[in-house]
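Going down the list, the protein sequences come from chains A and B. Going by the working numbering, the first residue of the first sequence is number 6, and it counts up by one from there. Going by the working numbering, the first residue of the second sequence is number 2, and it counts up by one from there.
Be careful, since some hints might not be right.
What the hints assert, rightly or not - Straight-line C-alpha distance at most 20 Å; calculated EDC-like pairs for lysine to aspartate or glutamate:
1. LYS109(A) / GLU302(A)
2. LYS196(A) / ASP223(A)
3. LYS326(A) / ASP265(A)
4. LYS326(A) / GLU160(A)
5. LYS200(A) / ASP223(A)
6. LYS348(A) / GLU251(A)
7. LYS50(A) / ASP64(B)
8. LYS240(A) / ASP223(A)
9. LYS348(A) / ASP173(A)
10. LYS134(B) / ASP265(A)
11. LYS240(A) / ASP64(B)
12. LYS209(A) / GLU160(A)
13. LYS134(B) / GLU30(A)
14. LYS55(A) / GLU65(A)
15. LYS303(A) / GLU113(A)
16. LYS240(A) / ASP156(A)
17. LYS264(A) / GLU135(B)
18. LYS55(A) / ASP64(B)
19. LYS273(A) / GLU65(A)
20. LYS47(A) / GLU135(B)
21. LYS195(A) / GLU334(A)
22. LYS267(A) / GLU50(B)
23. LYS207(A) / ASP156(A)
24. LYS337(A) / GLU113(A)
Claimed, not checked - Which bits of chain A does chain B cover? Going by a derived footprint, with three or more residues having C-beta under 8 Å, they are:
25. 56-65
26. 167-176
27. 276-287
Keep in mind the hints are simulated off the structure, nothing from the lab. Only a predicted model underlies this, so the values are computations on that prediction, with no experimental measurement involved. For every residue, glycine included, the Cβ atom is placed at its ideal position computed from N, Cα and C.
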Amino acid sequence: MKLMFNAILSSLMLVFSGITMAAGELNFYNWGNYTNPELIEKFEKETGIKVTITDYDSNETALAKVRAGGHGFDLAVPSHSHLPIWVSEGLIANARVDQMPNFKNVAEEWRNPDWDPGRQYSAPWQWGSVGVMVDTSVYSGDINTFGIILDPPEELIGKINVAPEMNDVISSALLYLGGEACSGDKALLKKVRDKLVEAKPKWKSMDYGVIEKFAGRDLAASLYWNGAAFRARLKNPDVRYGYPREGYSLWADAVVLLKDAKNVEEAKTFMNFIMAPENAGLISAFARYANSIVGSEKYMPEDMATAPEVVVPAEFIGAGKFYPTCSPEVQKIYTAIWTELQK
Amino acid sequence: MVIRPRPFSIKRMPGFSLLALACFFALYMPLAPLVVYSFNAGNNIALWEGLSLRWYVAAWENDLVQSAAIRSVVVATIASLIATVLATMAALGTTRTRPYRGQTSIYAMVNQPLMVPEIVTAVALLILFALIKESTGYHGYAYLVIAHTAFCIPFAYLPIRARLEGMDHVLETAAADLYATPWRTFTKVTLPLLLPGILAGAMLAFVISLDDVVITEFVKSAGQDTLPTYMLGQLRRNITPEINAISTVLLGVSVIMVTVIFFLSRKKT
């Protein structure tokens, strides 16, 4: 009760004071349920900087709030697809991440991504891929293809789920039919539309929250993300994650310093901090996605350090690619296909 | 003998009970699984593994949930108090006066937050507050309190106004006849009679503020997550029955308050 009273009192005091104190603070704006509390505790203990976390639920919300200004945040975590927009609109300060001491821990392939050339703006947070989950007790054939979803084998028909994410679904279909994501090739997009419309009756659902349904064996296949596939396998040992050979898309979320940040030094300290292997390991241990830091596996839970859903098997690395947000014209066609698919 | 025609009553229309039952079913059925799974012993919101209060304990012990809940209650309390005072004044100003030009438009303006889509208000406040935040450097709770007060006003106003309209002018006139000053009439006659309406309005405003997501999400500054925006942030990743437990508690609070409002504003027969 006393604790409660103190908390009420301090919130009341905040109402009247409000202005943030200058020294030793950091305001971190991140996706909800994405920041390991242990990571923050460790950072606060080591540096004496007090961290306040505020949640957002979509790239669009975060962009809107930061664009409007006056938000009071120092760091944010946009996805790779949106990061170039943040840069081009001048919302991000150049923190020269590439010159930070811990940058040496960033894996070679993550030092020069297309969406942040030279990696000056963003420190790696987590990344993952869009692939297929299959219950191998139902279907034991080749799972490394989007054919599982688009030309499903007999055993899987009626037991397939597709994540209700327009870009991921249509881009995957484009890759399956031999194109590139966000391709403006009308003839190919027509084929994509036909393929999706033809495949849809063989699906059971288009939904999130598949982990429980794989655990309960209600679903046998899904187009989904690797982290969820990993968690599903821990509940149903027959679940495997397939990396489509014909190409699949990757995503990454990265920490950036905002242009109007008040606590610039504290923010840079944090960016450097999360590139240390033991800290990156904590990030992954909580949200269960891979990071880009060499040596962080040692600090992850054992079941994760070797998981094929997290550590991409060598033969499939080349097929994964980052795709930017599509051009408005292509976006329009995507939306039209998507609308038709929802009918 | 005169046969008086029975007055029209919707209760005697054919199929009334059936339709009413169907409506209640549609309203409350979706909530049932949410509540049931909040008592699940397992980690899952779709697989039943036995009865337990573990998620209520988990939510209660979660620091983030605690601070978000306290923040929600503090903001809702302050906002609903201010909104109720303003709404009471507005209700008096639109009922206890001689009819004047523009009375209806004032009524419409007070109720504006009910008509304007929430997202429009949210975006408008985001832009306006961003300007103020930038020029003053103040990032405190005042923005949330102001925003919540604004959209709570009509919810407090409607029950207060309804009560005022149902109250007999004769009592106030009698008080004036007996040489009571207007202020004395107000404190001794109008206010005591109006009190149930004011309490109902305040509680309704409190519940509305407690449940708000959209406007809060756009207006909140660093570290100002309320319980609903905290819950929204959780949904993206792994949903555990902890969210069900928090939702059930919120639902319980809302139901209790609405029930109290019902008894407060019920007409005595």
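Evaluated hints:
1. Annotation: proposed proximity of LYS109(A) to GLU302(A) holds, straight-line Cα distance about 16 Å (limit 20 Å).
2. For the hint pairing LYS196(A) with ASP223(A), the CA-to-CA distance comes to about 30 Å; that exceeds 20 Å, so the pair is violated.
3. For the given pair, LYS326(A) sits about 32 Å from ASP265(A) by alpha-carbon distance, which is inconsistent with the 20 Å threshold.
4. Proposed proximity of LYS326(A) and GLU160(A) is contradicted: the alpha carbons are some 30 Å apart, above 20 Å.
5. The hinted pair formed by LYS200(A) and ASP223(A) fails the criterion: a straight-line CA distance of about 25 Å is larger than 20 Å.
6. Proximity of LYS348(A) to GLU251(A) is assessed by CA-CA distance (about 28 Å); at most 20 Å being required, the pair is judged violated.
7. Proximity of LYS50(A) to ASP64(B) is assessed by CA-CA distance (about 18 Å); at most 20 Å being required, the pair is judged to hold.
8. At roughly 13 Å between alpha-carbon atoms, LYS240(A) and ASP223(A) fall within 20 Å of each other, so this suggested pair holds.
9. Simply put, LYS348(A) and ASP173(A) have alpha-carbon atoms about 19 Å apart, close enough for the 20 Å limit, and the pair holds.
10. Proposed proximity of LYS134(B) and ASP265(A) is supported: the alpha carbons are some 12 Å apart, at most 20 Å.
11. Only pairs whose Cα atoms come within 20 Å are accepted, and LYS240(A) paired with ASP64(B) is rejected, the gap being roughly 28 Å.
12. Annotation: proposed proximity of LYS209(A) to GLU160(A) holds, straight-line Cα distance about 13 Å (limit 20 Å).
13. Annotation: proposed proximity of LYS134(B) to GLU30(A) holds, straight-line Cα distance about 18 Å (limit 20 Å).
14. For the hint pairing LYS55(A) with GLU65(A), the CA-to-CA distance comes to about 27 Å; that exceeds 20 Å, so the pair is violated.
15. The suggested pairing of LYS303(A) with GLU113(A) holds, with an alpha-carbon distance near 18 Å, which does not exceed 20 Å.
16. Note on LYS240(A) and ASP156(A): the hinted pairing is violated, with a Cα-Cα distance of about 27 Å set against a maximum of 20 Å.
17. With a C-alpha separation of about 13 Å, the suggested pairing of LYS264(A) with GLU135(B) holds against the 20 Å cut-off.
18. Distance check on the hinted pair: LYS55(A) and ASP64(B) sit about 16 Å apart at the alpha-carbon level, within 20 Å; holds.
19. With a CA separation close to 25 Å, the supplied pair LYS273(A) and GLU65(A) exceeds the 20 Å bound.
20. A distance of roughly 32 Å separates the Cα atoms of LYS47(A) and GLU135(B); the hinted pair therefore is violated under the 20 Å criterion.
21. A distance of roughly 15 Å separates the Cα atoms of LYS195(A) and GLU334(A); the hinted pair therefore holds under the 20 Å criterion.
22. A distance of roughly 48 Å separates the Cα atoms of LYS267(A) and GLU50(B); the hinted pair therefore is violated under the 20 Å criterion.
23. Distance check on the hinted pair: LYS207(A) and ASP156(A) sit about 9 Å apart at the alpha-carbon level, within 20 Å; holds.
24. Taking the CA atoms of LYS337(A) and GLU113(A), the gap is near 36 Å; set against the 20 Å cutoff, the hint is violated.
25. Coverage of the segment 56-65 of chain A by chain B holds in this model, with 6 residues showing a Cβ closer than 8 Å to a Cβ of that chain against a need of three.
26. Residues of the segment 167-176 of chain A lying with their CB closer than 8 Å to a CB of chain B number 0, which falls below the three-residue condition for coverage.
27. Under the rule that three or more residues need a Cβ within less than 8 Å of chain B, the assignment of the segment 276-287 of chain A is violated, with 0 such residues.
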